[in-house]
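Student: Protein chains in written order, with my numbering: chain A, 442 to 692; chain B, 46 to 280.
Don't read these hints as lab results, they were simulated from the structure.
Small disclaimer: the values here were computed from a predicted structure and weren't measured.
Errors might be hidden in some of the hints.
Unchecked claim - Not close to chain A: a few residues of chain B, all C-beta gaps over 12 angstroms, as computed:
| id | residue |
| --- | --- |
| 1 | Phe54 |
| 2 | Leu81 |
| 3 | Gln100 |
| 4 | Val205 |
| 5 | Ala209 |
| 6 | Arg217 |
| 7 | Gly218 |
| 8 | Gly221 |
| 9 | Ala224 |
Said to hold, decoys possible - Covered stretches of chain B, going by a simulated chain A footprint (3 or more residues, C-beta under 8 angstroms):
| id | stretch |
| --- | --- |
| 10 | 64 to 73 |
| 11 | 179 to 193 |
Positions of the beta carbon are idealized from the N, C-alpha and C atoms, including for glycine.
Listed here are the chains, written in short residue letters.
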Amino acid sequence: MSPGALSRRDLWRMALRTTLLQATWNYERQQGLGWAWALAPALARIYADREQRRARLVEHTAYFNTQPTLASLALGAVAALEEQRASGAAVDAEAVARVKSALGASLAALGDRLFWFALRPAAACVGVLMVLGGHRLGALAMWACYNLLHLGLRVAGVGWGYREGPAVLGSALRPRLEALVRGLGSLGAVLVGLIVAVALVPGGDVRPLPYQATLAAGLVLGVITAQRARPSPTEWALGAGALCLVAAWMR
Amino acid sequence: MSPRLLAVFLLGGIAALDATPVAQTMLSQPLVTSTLLGLVWGNLGLALEVGVVLQILAASTLPVGARTPEDYAVGGVVGAGVALALGSQQSFEVAHHASAMLGVLAGMASATLGVPLLKWMRRRNEGLSRWCEDALRRGDEHALTAAQGAGVALAFAIGVATTAVWVGLAVRGLSGLAAHESLRLGRAWGLAQPLWIGLGLAQLLHAFVQRRLTRVALFGLALLAGWLVLMVGAS
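Work out the full structure: start from the sequences and follow the hints.
Tutor: The following block contains the structure:
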């Protein structure tokens, strides 16, 4: 098998299969099974021998976990590595496992910050801001903001990973994604400020004082409770809701 | 069964799929599911009131590391579904607020109590994973596709069933309360809505700021500028 043997169609099939990376997520192997399933088109192309292909598939069902969108990069990189292995290069199962582990950890560290801490909340803020501002299809804007990057990286990531190989994060990609995390953090802070302004003065009509005071109380409570992981924001919100019910019944 | 209720249950299943097993495209976020249900039920205003509160809380809930976050995929559908079902039985404005209050509470409760169910499903997937590996070793390459399909089917079925149980129980149990105590529930909504929005926004701000003073300054400037623009624009 010569390097560069995977066709555009193979890479596209792998990218599509990453959508089911977490279909059987479990505590033992985490994304292991989904990973093997997504890699299967590449293994089918690289290993013509059925026994060899099956052995590789079993190897790839081992533990694997990373941020699901950026997993595309690791998938492409590992496909390139498997290609070298099949062509007789000095790559064994341990080397593949080491690359998977290293890429998985690095991509999780970057991807968690990019998608869970920055892009998802920022996209949600766009949607909420639009709805509070009177645009009824804010959900569509939120969905589009998120998926432009999420689906774009998921589809293109396999190809990038395949071209760059295990050094995919050593290229110009990491600084760009890091810059994006910083930019989204600043954008998010601006969006929260705008949401508070729109909540206080919707359409130019100032809310009554009790509403402003309660919103301020919520902000203060949120700042205090954000310092600790437990109880979760939802548990605090449930407690606050129960207090509001009691207050309404006593009034 | 009403087709509108059926839409709620099916959307619960679709949201449960999007949350973790399939694609993770944010289709499962409360603002999206509330908008879809609001369009189906013909009451977008009520759906969005519930959706905004649940969305802000969902966005401040982060699926990081080993922590299993609250299940806002099903919670968002349950919240909007309960509010819309209760709201469709009442015609007064105050009952609309009462429905929103009960909807958000039902959404948050189902999101919180859904965590053990998510953990149970992930443990079931361990068995599926072991079965698949054994089958692969025996030479059955199709076992991977079968296991992936079973994982998707299980998540969808649990999403539909959980949504149906929560919406069924909440609408049955709370319709009397929404009808007879709508004034008090409406007052509670007047207090709780800004409190919840403030609480969730502060959590989001904390996640964005990451101890950087420039971002705090950006927040303050945006708040001031937004407030001025809205006030000047109105006058």
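Student: Just checking, Gln100/B versus chain A, shortest CB gap more than 12 angstroms?
Tutor: violated (6 angstroms)
Student: Since Phe54/B was said not to touch the interface, does its Cβ keep a gap of more than 12 angstroms from each Cβ of chain A?
Tutor: Holds: least Cβ distance 20 angstroms, greater than 12 angstroms.
Student: Beyond 12 angstroms from chain A, beta-carbon-wise, is Gly218/B?
Tutor: holds (15 angstroms)
Student: Classify the label on Val205/B as holds or violated, using whether its beta-carbon is more than 12 angstroms from each beta-carbon of chain A.
Tutor: Correct as stated: the minimum Cβ-Cβ distance to chain A is 17 angstroms, above 12 angstroms.
Student: Within the assertion that chain A covers the stretch 179 to 193 of chain B, do at least three residues meet a Cβ-to-Cβ distance smaller than 8 angstroms?
Tutor: Since 8 is at least three, the answer is holds.
Student: Would the non-interface assignment of Leu81/B survive a Cβ cutoff of 12 angstroms against chain A?
Tutor: violated (8 angstroms)
Student: Is the claim that Arg217/B lies outside the interface with chain A correct, judged by CB distances over 12 angstroms?
Tutor: Its Cβ never comes within 12 angstroms of chain A, the nearest being 20 angstroms, so this holds.
Student: Looking at Ala209/B again, its CB stays over 12 angstroms from all of chain A?
Tutor: holds (22 angstroms)
Student: Beyond 12 angstroms from every chain A Cβ: check whether that's true for Gly221/B.
Tutor: About 16 angstroms separates Gly221/B from the closest Cβ of chain A, which puts it past 12 angstroms; holds.
Student: Under 8 angstroms between beta-carbons, do enough residues of the stretch 64 to 73 of chain B, three at least, approach chain A for the coverage claim to hold?
Tutor: holds (count 8)
Student: Hey, is Ala224/B genuinely clear of chain A, shortest beta carbon separation above 12 angstroms?
Tutor: Ala224/B is indeed farther than 12 angstroms from all Cβ atoms of chain A, at 16 angstroms.
In the structure shown, a violation is registered for the earlier hints numbered 2, 3, in ascending order.
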